[in-house]
Amino acid sequence: AEYNGYNQQVEKEKVNYFIPSSLPPEAASKVEEDAQPRYLEDEGFYVGEKPIVLQQNTNILENRLIKHGGRGWFGSDGQVDSLPNPVAEMATKPWVDSLDELDPCVETVYVKAQPRNVNLYIIQNQVSDENELQIDIGSINFIHHSLMSREHVLASNITMMYDEYRMIRHKNYITFYTDKLAALRNAVETLKETLGVVKYPTALQKSRINDFTAEIRRTTQQLSTAESSERDMMRQIINEWEAIKSLREEQGYNNTSVRLVVKKEEVNYQHDLNNWETEVAHQVDERRAEYDVIILSAHQEEMRKYQVQLQEWKQNRLKMKRIRKRMQRGSKENLLDPSSEVAIADIIKPDKPPPFDDVTVKNEVMNDLIVNRRNPGEARISLELTHTTTITPTPSVPPSEANRRRAMQKTSSNLRVLFNGREVFQTEPKILSSDFKLNFGSIFRVRIAQWPESLKVELLTSGLVSKSITSTFYLDIPPTTVHSGNVRLGVSGFTSNKVESHTHEGVGSGTPFTLRTNETNPTSLNTKGQLISSVSWSLDANGRVLAPKGLVEREDPISGANPLKSNDPVIAIGAERLQDPESLTKWVQESRLDPNDPENAALVPFMQGNKDGDVFLTQDYFRLEQLQEEFNFITEEEFSRLNRFRLLRLRHEEIPEFRNISMLPCNEHEVTESAFTAYERRLKEKDVVKMERGVDGDRIEVLKFRQNVKDAVLHRFYTSRHHYSLQDMVHEEQVPDIGTLGASIVKIAEPRRPLKPVRKTRKKAMSQNLTEGSVRILVNVVRGYNIPTRQASHSHQPDRRGEVQVGGAMAASSLRVGQHLDPSSKSYLVAPFVAASFQDATVTTSVAQGPSPSWNEELQLPFCAPNSDYNASNLQKVDDVLFIHLFDRVTEDATPTNTEDTATIITRVQNHWLGSYELPFSTIYQRGKIDGTFKIKVPPVLLGYNLEREIVLYRLKLSLKYQSSGTYLTIFVTLEPVLKPMDPPKLKFESQEDVSLLRRCVTYLADCNKRYPNRNVKTTVIDIKGESVLITRFVRPLPPPPELTEATNTNTIITLEKIARFVSLIPFVSDNVTYAGICDLWSTCDQFMQMLCGDEEEHAILLLNYFLHLGKQAYLLLGTAVPEGNTAYVLTVDHNEYIIWNASTGEYHDKSDPHSPLQSVGALINDTNIWFNVQTQDTPMRVRYNVTRMSDWKAFFPITATPLPSIQPESLYYPPTDQSYVANLIDAVERTLKDRIVSWRPRHITRWNRSGNSILRQIVKGLEERVSRKTGVVNTGHNEQLLSQLGDVRFTGYPMDQPYTGVEAVVSAVRSTEVHKIQDPDVEFSMAVHIHAYPASVLAVWVYVAAIVNRRRHDL
Amino acid sequence: MKMSVKFVGFTGKMAEVHVIGQLVGASEFPSHSLFCKWGLHAGGAWKLIAGLKGGQTHVDNPENEEHAYWSHPIDVHYATKGLQGWPRLHLQVWHQDMHGRNELYGYGFVHVPSSPGCHDIECVTWKPNGTFQEEMMQQFVGGCPQLKNPDLVYAGADRYKLHTTAMGKVQIRLNVILRNFDKYGVEC
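From first to last, the protein sequence lines stand for chains Z and H. Each residue of the first sequence is one higher than the one before, counting from 234 in my numbering. Each residue of the second sequence is one higher than the one before, counting from 4 in my numbering.
Hint data in this document are derived by calculation from the structure and do not stem from the laboratory. Among these hints, one or two may not hold up.
[Unchecked claim] Within a straight-line C-alpha distance of at most 25 Å, the following computed DMTMM-like cross-link-like pairs (lysine to aspartate or glutamate) qualify:
1) H:K186 - Z:E903
2) Z:K345 - H:E19
3) H:K56 - Z:E656
4) Z:K345 - H:D78
5) H:K186 - Z:E901
6) H:K186 - Z:E887
7) H:K186 - Z:E656
8) H:K50 - Z:E862
9) H:K50 - Z:E863
10) Z:K761 - Z:E656
11) H:K56 - Z:E906
[Said to hold, decoys possible] Chain H regions said to be covered by chain Z (calculated; three or more residues, Cβ under 8 Å):
12) 22-35
13) 43-53
14) 73-86
15) 139-146
The beta carbon of each residue, even a glycine, is placed where N, CA and C say it ideally should be.
Same shape as in the complex, but just chain Z (with noise of 0.2 Å):
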């Protein structure tokens, strides 16, 4: 390296190194050649502002950029080009000192840590506290309206002048100036007095005086206009009255209600003379006093001026003489000095003013007075508008008018309220008034989330066709103070332009018409009303505005950040007052803003605006999911369309059709439009609700009632099923402790006992775990008791084949009571056998011998879910029913007797149904097992069978004479594998009870439950609301149909049985199956004779309410009974007699019937008080039942409670039935079962034997009296009737009844008899259906079949 000394470097340097000048560089380097700088902001461009950079940095670069001969870097204004400052003028992140400036959007709450229970595991979109604007849409007067004939105009213009007359009353003004102006005199006349005292009057009191006068003045005048503008305003109505008075005198008609009424009022003479005289005279005295002041005054100022000009033109005069005298020795320049001539000339003498002449002003005042003022002795008048015309009837009016009427009453109008732009509500489509005023009277509320812009109001009218917008106007949005409690209904005008004429009487709007006769120049008026409306803030339960917390107001550090000030670029400029939009765009295109500036970008849409008019209004703000539309795939429709989805979103909608489809298929096409077709059906069924063959009115009306009990009451339940406990999804295995070792050990050191089993629980199974017939029901027949026996056979019957044949003279036996039997009668002869039979699948017991069989046989029946869907809640619903049958197998001969061959003996099995029980799936299916003797429901008679003979042999022997009569089956029922039963939803009900009750409910609850766990008791029941209510609530004494109590004795046992018949007549249908799966639901007598169907309680309830009424001691008793479980029954007391009463039934026992379905006691209800079972015994045959024995009865209320007020109506309305109705019910009935009795042979002929048929009917139609009455033999001569009629004949029938539910539960019922199975080739059918009807449409149908073998023929 070679050294150079320092200067030599810097020589170096200075060739090859560039320094940039700090200087600036010459401006014209920097543009291009020959070419001025120009500046872009001068020209009306935005620029914006560029970063600061120090000057001498600028200079540099630019003289570097030149160096480089980078004129591309340089804009067109010589400036280097640059973007506009990116540097924000604020940190984006600001502190946010304390919580009030928090915005509301971010706002926390501190939530302590709580131990929470499970079910707010879904993250709820809780919306925070919402604003809400109240909008009270009060009403709208048209002021005009095309509609209106001219009468109405001129209504409407005398209304509004009246309305401004009395407005002008109100205030009173006259009053009001002509006492201020006596006040004003007395004042200055005081004054006057005291000056007059002083003398010498301060210069302050004499501008007093000045004051006064000049205030008089002023009143006086301010007093004649007022007066003589209510003179004119009378005027004018007065005028405007004649019109209308006029008018309608030339139309003839009246169409308006209005009338003026001008009231008068005399007035003292002398007295208004003497007031018109002193008011003349202090006008007077005041215009003196005032030209003394004023003019004289002025003049007197003027003259002093004068005189003081007067003296200096004087002396100047002088002094120019003088200088002229001197001038004119002197020179002769200046000879004239102009001014003095000009000042010669300014001084004028003040003329003096005219004086005060009394007789003219007087004249004046005079004159001003009569013309403005009420004249002395005129009436004071008062108008008043009435609304009391009559408006002539449309009929009595001429074509054109009632016309113009018509088309008022088909002219409906609403108003459409959107916010933001965006449609909100609408009003009820309201038709104008008379008068022209459409009331809404509606509140809407409107949750927004969004500042709001704009709140439009759009008038629509809807005429005969279609809607139109009649006018549009905007209402203010309040701001935050104004809220619901402190608002005013306010009016807000609006016009329209629309044009509208009509070829009536109306006078359309916006075209030309002559409102008066004699008016020369049309009249053309538009549209216009006045709304009365307010909108406010709405408040929330602590009072709270709930309004947008200062969004507007606050100051936000970042221009643009704030969401609103983004969006809205009305806020952002600082211009929120202008909430209108249409004033907005004015107010645009007045302020001329920079379309360039991107600060106002948002506003760019509004300055376009002018171009196309309102352009505002075809801008729709659509925030939510903004383009959507123009990006979505495909349409709504085209989605809604698809198939697939459909099917899938059925699927996670858990509609029942398609809640268990497991496979979906993969591509469109698979899914065919038939995987719908039961679900629409479905769906329009639930529309127009069944409409059954002979159902009518009443019963669509009970369906309808039940299908909306059901929906509301599924809806509300639906929620709580989604409640699992943690033994629901944790299988936990008990952790061993000591005890159970211990246990455990000790089992294995016990002795072995082989015959005595202990019972295992079996396993439940899991409803994911089963499958389409995984399920079976097993039933356990295992004997029967007391079964009827087949009728000795005839005298001349060979036994080989009269076993079935009817006896000819044989009396029948004696059903309940029956005290004598044929001694004689040696055959018991009975082949029976049990037939179970549920969801088409029929299953049969081997065949017994006897009355009193045994079988103990299994039968297997499958069992099907509908939809293949074993979820609990599915399982719930099933309605299936279980039937149980039993029949007497008959064999006989079918060969005929006149054969060759004697060898062979055919013979035909028969069965012939002797009675049947049914157990609801529901049942099986919540109790697990059924496990007991039931009574099979035999009918009343059964032709060829004795009912009777063994309970009345086994009575007489041991007398027991509480034991009541009828068949008997043991059975067991169960299913395979056991099926969870659903846990009833453990919800907590609402209730309008106290709530010190129900916690003593509770409590009570708790302590029974602790003494006996099994023991039923209740102390709140849910009602059909959905409200849990006290139980004694529902007992209320009811009067029964008075059909039924009637004629009899009220307290024998006659009428007791009469309505019991009654009551179980009403269709049992179990809440399991009604509400499925939720829980018992109790309803009100009332309710319940409006559904027509109930469970036990229902049953019971009724029951126990009419035996109250009747003035029995009845109890609602609380137990368990075989099959239902826990149930409801009726207990009577009479004399120590006890007796039970299964309402659903109808059927009674003695408390000490070994053969009472009631198994146990648990409570006792009525009225006042629940009492629970505290006896070591709860059978009902060892119960001891005196409520009043607190070592007995737990009592829930004390003694002296009173009792709580009943839920129940006072009384019940039991509306006829129908008897028309009732029979084309028979007529349909009957005709269906013999349609169904044919197609159940298929091959075989039915014949129908006519003269049987005639006598069945007269037979049927006795048969409900006889039953209800139970006065004993009930078939006596049933068979001698027939016999007697038919000749020789051999036939099995039996008449059977039930509570009407519909046609297809009568045909089901005969189904099951079997008598259609008769293959008898020679076999005639006789039927006869006979409905006895109750009131409240409740239907008892007996239906008599009998089966009829002409033995002549057979015999021959």
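The hints should help you fit chain H onto chain Z, whose structure is shown.
For chain H alone, kept in the frame of chain Z given last:
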């Protein structure tokens, strides 16, 4: 994923998205014994056609690990008529203290991945700061300031005003299956 220019019209097929996966667990939280409430939020064009779109995990309290495992299944099936409002998963991590009380530990949200396949996602969470007093209370008696409006977690531009504390991470594994998107001109 990109949207190609060519647009195929109505094809009679719907675009479907299956999201199958699990909330694996959480880590880096101040303490354990955590559970998570989750929800899927999708735009208006999206229709849920199978599965649950929200839920809550059990409480996991591992004794010797700095990690909570839930392995909570997510299995949803969406049909959509547009791309907007792609589903996103929002989470709330809660802490159950030794007294069995629950307190919020963090909010978080992630978009469901838009490309098909298996995705391991880590969602960071945060919780809002309260006032000094609230912070003190939190320290000693538990509890946490919570958002009044939980939507803020996945919506709203106002969140910048919040003061928050970073909390731990939630591990999510999602398998995304897309169907028929190509029919509408969306290439995955």
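Verification of the supplied hints:
1. Our distance criterion of 25 Å between C-alpha atoms is met by K186 of chain H and E903 of chain Z, whose separation comes to about 18 Å.
2. For the proposed pair K345 of chain Z and E19 of chain H, the alpha carbon gap of about 42 Å is over 25 Å, so the pair is violated.
3. Straight-line distance between C-alpha atoms of K56 of chain H and E656 of chain Z comes to about 31 Å, which puts the hinted pair past the 25 Å bound.
4. Note on K345 of chain Z and D78 of chain H: the hinted pairing is violated, with a Cα-Cα distance of about 33 Å set against a maximum of 25 Å.
5. Distance restraint check for K186 of chain H and E901 of chain Z: the Cα-Cα separation of roughly 13 Å lies within the 25 Å cut-off, and the hinted pair is therefore satisfied.
6. For the proposed pair K186 of chain H and E887 of chain Z, the alpha carbon gap of about 29 Å is over 25 Å, so the pair is violated.
7. For the hint linking K186 of chain H to E656 of chain Z, the alpha-carbon distance of about 36 Å lies beyond 25 Å, and the restraint is violated.
8. Under the criterion of a C-alpha separation no larger than 25 Å, the hint pairing K50 of chain H with E862 of chain Z is consistent with the structure, at around 16 Å.
9. Between the alpha carbons of K50 of chain H and E863 of chain Z the distance comes to roughly 18 Å, so the proposed pair stays at or under 25 Å and holds.
10. For a cut-off of 25 Å, the pair hint linking K761 of chain Z to E656 of chain Z stands: about 23 Å separates their Cα positions.
11. Between K56 of chain H and E906 of chain Z, the direct Cα distance comes to roughly 29 Å. Violation of the 25 Å bound is thereby established for this hinted pair.
12. Coverage of the region 22-35 of chain H by chain Z is violated. Counting CB-CB distances below 8 Å, 0 residues qualify, and the rule asks for three or more.
13. With 7 residues having a beta carbon nearer than 8 Å to a beta carbon of chain Z, the region 43-53 of chain H meets the requirement of three or more and the stated coverage holds.
14. Interface restraint, the region 73-86 of chain H with chain Z: holds (6 residues with C-beta to C-beta distance below 8 Å; minimum three).
15. Taking a C-beta to C-beta cut-off of 8 Å, the region 139-146 of chain H contributes 4 residues in contact with chain Z, enough for the three needed, and the coverage statement holds.
In this structure, the hints that do not hold are numbers 2, 3, 4, 6, 7, 11 and 12, in rising order.
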